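Chemist: Residue-level listing of the chains:
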Amino acid sequence: MTHRPPATRTLKVDALARVEGEGAMHVEVRDGRLHDVQLRIYEPPRFFEAFLRGRRYTEPADITARICGICPVAYQMSACSAIEDACGVVVDGPLRDLRRLLYCGEWIESHVLHIVLLHAPDFLGYENAIEMAGDHRERVEAGLALKKVGNDVLELLGGRAIHPVNVRVGGFYRVPTRAELEPLVDPLRRALDTALAMVEWVAGFEFPEAGHSMELVALSDPSDYAVMGGRLRSTGGLDIASAEFSDHIVESHVEHSTALHAHLLERGEFLVGPLARFALNHAQLGDEARHAAAAAGLEPGERNSFRSIVVRAVEVVQSCSEALRIIEGYERPDAPNVAVEPRAGVGTGWTEAPRGTLWHRYEIDDAGTILDATIVPPTSQNQPAIEHDLFHFVEANLDLSDDELRHRSEQLIRNYDPCISCATHFLDLTVDRT
Amino acid sequence: MAVWKFSSCDGCQLTLLDCEDALLAVADRVELAYFLEAGADGGDDGGERGSSLFDLSLVEGSVSTPNDVERIRMVRRRSRRLVTIGACASSGGIQALRNFADVEEFLGIVYAQPQFISTLATSTGISDHVPVDFELRGCPVDKRQLLAVIAAFANGDPPPVRGHSVCIECKHAGTVCVAVAGDIACLGPMTHAGCGALCPTYHRGCYGCFGPAEDANVAAMGVELRRRGVEDGDVALALHTFNAWAPELRDPEGER
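As you go down the protein sequences, you meet chains D and C in turn.
With the numbering used here applied, the first sequence has no gaps in its numbers, which climb one by one up to 434 at the end.
With the numbering used here applied, the second sequence has no gaps in its numbers, which climb one by one up to 1256 at the end.
The shape of chain D in the complex, shown without the other chains (with noise of 0.2 Å):
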């Protein structure tokens, strides 16, 4: 390097590209000393959790689903679940199996988005996808075809990809004959054999040196690679309900972003989503999934967040994989959802969104008017983390220009595949620590 970079320096970034909502990336550099790093979110509020208040218990699946256009089956799905449990009711064999299906689609559609579209031109050195297609051309619509792929599951089931129209309290208004499925079939093993290339195509990318060593975070079921359901574990030893959540996860509000952060009671910042899923949940991979990781040189210890997009490949093998099983094993159930009839009390619920867990809770009286509700979206959670992991990815690279540090900054973001959609809507403060 010919010239030393200043040793007080300002580096901003006001609009951050390739993320979903509005995020902005502030440091501050004083006497060659890294002095602050801000993740700033200033995504409008959008008060799901005040105007909840005085809605129907049949209502949150499709209002919370438009707190994020990219996963708003995760919504549903929390959402559903949340509110089951306040009824007293299990939805599960096809109608659950059906409901991991329409998942499955969002999951590929979600991953595959970040990967191709968002996450990889970083790495090969492109502004965006549009430029990198120039010299990528088959890679881009490879992707773009898997990425389809996912749609066509949401919009088979669920009626269109964003926004589905057919998921309810219990279950589904319809529910497809076998033989109404049967389309699917084809595309999904092309999809498979797309995404176990994609696995291989991810890991020959250079990842620059990085790690952590903050708690990772995620559902986790003995039976499954946990996605619909289980209890929430850590690589520090948690282990509970979702009834527990708020006892173990607090909430603060800070003035650079209108997400709450949330820590581990005790312990601090901690991760949620594909890195936490794999180092808690590997064994319970498919056996397509399993093996691609392995090729793939994933270790179950991977903390380098830049290695995040080789795990996000993965999981789209493990979605095309799991989809396809759920549609060989399908009969149609008899009805299309079990009845949910309200009844006084308080539920939780809690599903891993692509970017990590989401959990919702809702207090509702024996009408079904919602009393209470709260919503705690992955990238609030991983928001602290975020600032934790740049900040020392930023005070190991002080000698990079601005620009260099800027862009790998950004990418070291972009490894998270924040929502910021999701994260700029808030619960209950039960902590204030600013």
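Each hint should be verified, as a subset may be incorrect.
Said to hold, decoys possible - Stretches of chain D that chain C covers, calculated by requiring three or more beta carbons in the stretch to come under 8 Å of a beta carbon on chain C:
1. 45 to 56
2. 109 to 118
3. 138 to 151
To be verified - A short list of chain C residues far from chain D (calculated; beta carbon distances all over 12 Å):
4. Gly1011
5. Asp1028
6. Leu1056
7. Arg1073
8. Arg1077
9. Arg1098
10. His1129
11. His1172
12. Glu1224
13. Gly1229
14. Pro1247
15. Glu1248
16. Asp1251
By construction, these hints were calculated from the structure, which means they are not laboratory data.
A quick note: this is a predicted structure, and the numbers were derived from the prediction, not measured.
Cβ atoms here follow ideal geometry from the backbone N, Cα and C, with glycine treated the same way.
Take the given structure of chain D and dock chain C to it, following the hints.
Modeler: For chain C alone, kept in the frame of chain D given last:
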């Protein structure tokens, strides 16, 4: 072309990325000059603080902060044509439910430090603030309609979108009426077409996410909903969702 985001879920701009079969073909014909989510940051003069002009701006989201009010004027100044996409940009979106409540109370419910938050008391559509060349409806917009509208503006044609109700789409599709045959409450008679009558295809009544049709009779809709057994309070809720601040629904006679 530019894509701008205001207060929203990102779903309508994502609809453009969901046009997998057409995306690269569109990009071959139309320069996506500013589309932050897709990584096109507009360069030195094409971004938020630039001054370059765009032939077509797609605007997603509602105006809900003091900064948005200034920002939408900037977008209008720099756009030859401005098309809004989705319910938020047309009528304020689901977040316009605050318009019927006390935003100070909402702030208190959600935030420990309300003084950190900059928000307006209302969430409103783009046309409340600047002239709009066309509003594409939907929560989210339909991708076939989105592509058709982009193509129409690129070719200087009128957008091929009709303002009739969802009922017409059911008739076109040959879908049996869920209200008449299934006794299911359905907002189809007053709701703007465009989705292809999705909900009735899934044995569900339309829930109005495209907002009022051009000839919506909201009072008659209320009567029809009651006839299907929807109670008074629930009629008001059914009409107050993703397009609650649309003029026809803002204060439907007898529904509030």
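Chemist: So, against the hints stated earlier in the document, which numbers end up violated here?
Modeler: 4, 5 and 9
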